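Colleague: Sequence:
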Amino acid sequence: PILIFFLIKRVTYETKPDSRLYKLLHKAAGSRHPLITCIQIRMENMISQPHVPGDEVVIRKSASYHPTVWGDYFILQAQSSSSTQKCDARMQERAAELMEQVRSMFKDTTDILQTMDLVDSIQLLGLSYHFEKEISEALNRVHDADFNDHGLYDTALRFRLLRQQGYHVTPVVFNKFKDEGGSFMSTLRSDVKGLLSLYNAAYLGTHGDIILDEAISFTRNNLVSALADLKPPLTTQVSLDLETPLCRRIRRLLARDYISIYQEDATRDDAILELAKLDFNLLQSLHREELKNITKWWNELAPSKNLSFARDRLVECYFWSLGVYFEPYYSHSRVTTTKLIALVSILDDIFDVYSTLEESQRLTEAIQRWDAKVVHQLPEYMKDYYLKLMHTFEEFEDLLASNEKYCITYIKEAMKDLSEAYFEESKWRDQHYIPTLEEHLHVSLISSTYPMLECASLVGMGEIATKEAFQWITSFPKIVQASAIIGRFMNDITSYQLEQTREHVASTVQCYMKEYGTDVHVARTKLQGLVDDAWKEINEECLNSTAFSIAVLERIINYSRMAENTYKYIDGYTDSSTKTKEYISLLLVHPIPL
Numbered sequence: 001p002i003l004i005f006f007l008i009k010r011v012t013y014e015t016k017p018d019s020r021l022y023k024l025l026h027k028a029a030g031s032r033h034p035l036i037t038c039i040q041i042r043m044e045n046m047i048s049q050p051h052v053p054g055d056e057v058v059i060r061k062s063a064s065y066h067p068t069v070w071g072d073y074f075i076l077q078a079q080s081s082s083s084t085q086k087c088d089a090r091m092q093e094r095a096a097e098l099m100e101q102v103r104s105m106f107k108d109t110t111d112i113l114q115t116m117d118l119v120d121s122i123q124l125l126g127l128s129y130h131f132e133k134e135i136s137e138a139l140n141r142v143h144d145a146d147f148n149d150h151g152l153y154d155t156a157l158r159f160r161l162l163r164q165q166g167y168h169v170t171p172v173v174f175n176k177f178k179d180e181g182g183s184f185m186s187t188l189r190s191d192v193k194g195l196l197s198l199y200n201a202a203y204l205g206t207h208g209d210i211i212l213d214e215a216i217s218f219t220r221n222n223l224v225s226a227l228a229d230l231k232p233p234l235t236t237q238v239s240l241d242l243e244t245p246l247c248r249r250i251r252r253l254l255a256r257d258y259i260s261i262y263q264e265d266a267t268r269d270d271a272i273l274e275l276a277k278l279d280f281n282l283l284q285s286l287h288r289e290e291l292k293n294i295t296k297w298w299n300e301l302a303p304s305k306n307l308s309f310a311r312d313r314l315v316e317c318y319f320w321s322l323g324v325y326f327e328p329y330y331s332h333s334r335v336t337t338t339k340l341i342a343l344v345s346i347l348d349d350i351f352d353v354y355s356t357l358e359e360s361q362r363l364t365e366a367i368q369r370w371d372a373k374v375v376h377q378l379p380e381y382m383k384d385y386y387l388k389l390m391h392t393f394e395e396f397e398d399l400l401a402s403n404e405k406y407c408i409t410y411i412k413e414a415m416k417d418l419s420e421a422y423f424e425e426s427k428w429r430d431q432h433y434i435p436t437l438e439e440h441l442h443v444s445l446i447s448s449t450y451p452m453l454e455c456a457s458l459v460g461m462g463e464i465a466t467k468e469a470f471q472w473i474t475s476f477p478k479i480v481q482a483s484a485i486i487g488r489f490m491n492d493i494t495s496y497q498l499e500q501t502r503e504h505v506a507s508t509v510q511c512y513m514k515e516y517g518t519d520v521h522v523a524r525t526k527l528q529g530l531v532d533d534a535w536k537e538i539n540e541e542c543l544n545s546t547a548f549s550i551a552v553l554e555r556i557i558n559y560s561r562m563a564e565n566t567y568k569y570i571d572g573y574t575d576s577s578t579k580t581k582e583y584i585s586l587l588l589v590h591p592i593p594l
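63 is the number that the UniProt record's numbering gives to position 63 of the sequence shown; each next residue is one higher, with no gaps.
Treat the hints loosely; a few may be bogus.
Claimed, not checked - Distance condition first, Cα-Cα at most 30 Å in a straight line; then the derived BS3-like pairs of lysine-lysine:
id : residue 1 : residue 2
1  : LYS176    : LYS296
2  : LYS231    : LYS178
3  : LYS526    : LYS579
4  : LYS277    : LYS61
5  : LYS231    : LYS292
6  : LYS568    : LYS514
7  : LYS427    : LYS526
8  : LYS193    : LYS579
9  : LYS568    : LYS277
10 : LYS61     : LYS427
11 : LYS467    : LYS526
12 : LYS86     : LYS277
13 : LYS412    : LYS383
14 : LYS514    : LYS231
15 : LYS133    : LYS277
16 : LYS579    : LYS231
17 : LYS61     : LYS383
18 : LYS427    : LYS568
19 : LYS193    : LYS305
20 : LYS383    : LYS296
21 : LYS193    : LYS133
22 : LYS305    : LYS277
23 : LYS292    : LYS412
24 : LYS178    : LYS305
25 : LYS581    : LYS292
26 : LYS579    : LYS292
27 : LYS579    : LYS305
28 : LYS296    : LYS579
29 : LYS292    : LYS568
These aren't lab readings, by the way, just hints derived from the structure by calculation. Everything numeric in this text was worked out from a predicted model, so none of it was measured.
Turn these sequences into a full structure, and let the hints guide you.
Modeller: As structure tokens, this is what we get:
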């Protein structure tokens, strides 16, 4: 089955052939993806005119976004550098001792079941980046070992650990847990740990893994039924996993949650638990320092004064970059990504909320030219933003080694594609045009920002972010398409009601309702099904990809995880005062008691 159903049908191109969006869509329809032929969107010629808008009265739209939740909190709450450094030094020294103990555990553990439990604990506690070599060697032993006569828990755990690592493990291993009628055995209903293990394994399914689809339904129903009778920490673990399965969870939040669960586990290893707590707090200290410095950069743009109509969500932007990479050696990438997300967020609000169509056209033209000299053609409120955009990209380039500077060109091109997509949506909004779902997605997958941000996520990642990697990720491969689908649909599903309160471009929910004559409930359900299909596509691409390391693919997966969690119930970016605030507090405000 083909995930991108709307890309299968061959259609006639009618867009101007020199547009950036046209060229990007042709990348996706190239020789790498023979099944994909992209629809072309009608785009009006953007004719530059010498007139600059004057002081004529313009009726502006407003989205009434809530003000920043955090303000200068991470500047004001910064601890003195001397005391922080002393505390961190002590924690680092102790953590180094504990890491050696854990390495010894990998060497000394020969039992396959114990090895799997050790790897699982290390990964769920957020410690795997310290032990990548040890984990790889351990899972290689697990893969090669004879594994026939084991129960549901161990069979499912092995399946999940190996598929996460990129091993092709067949789901037929679960057939032995079915009865003669082809259903899962009723005796499994009382094995809650086994059910939970199978539940999380099944979400790593790909297209055609029918038994895993059946496993999700079977385990979910029985776990929900058993929940009321469970005791901590199992009740907590089941509740969290039912809300979002392990493979879709944000890595840092998963670690924070699992530290609490592991602490209550009678079979825990105290050295591993202590290391997990120390590591979490050390990373939190680093992340807070990064956020303090980024907040100072943000204040130079003075969004509250010059761009008061836009969402002031800097800390939320950092939360997103933290979800993409939390490891200390990706500090440069994290800072770059945060700044880029913040600038893109403002750009989105300029097009979506505030600018007239003529102003949107001028900004699009200016971004296509990418030249600070054209700033005089922009209305006053856009000028500071445009110059900040130019200067920030120069800053990005200055921080890169001479042999890495080429990557900035790819991000600039992606920004140009994004601005064209935003402008096209502005025209749809003003014309009250509701396109077909196909037509919508050929623009809105670009405007979802995931293709651009996932390209930018490779900046600062060192040798693994090769020119070939940038060429591949900007060719709009299947895994990037799938990630954009998750982000686009999850956002639209939860934002639908709110967006009905103001003039807004038609969402994919509205497009589906109009095209298929359904109500909003049916449309949301259908789109959610496509989100699940997109996750299967991601799983499949991770199993089949050999050209690029898992570190490259992980950025795309992590953006998908951020979308899954941020837009699960509400638009947690736009309305960041509730659940998102809670997430940020857990990761950046409250250290774990030692």
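Colleague: Taking the numbered hints from earlier one at a time, note which ones the structure violates and give those numbers from smallest to largest.
Modeller: Result: hints 1, 4, 5, 11, 14, 19, 22 and 24 break, sorted rising.
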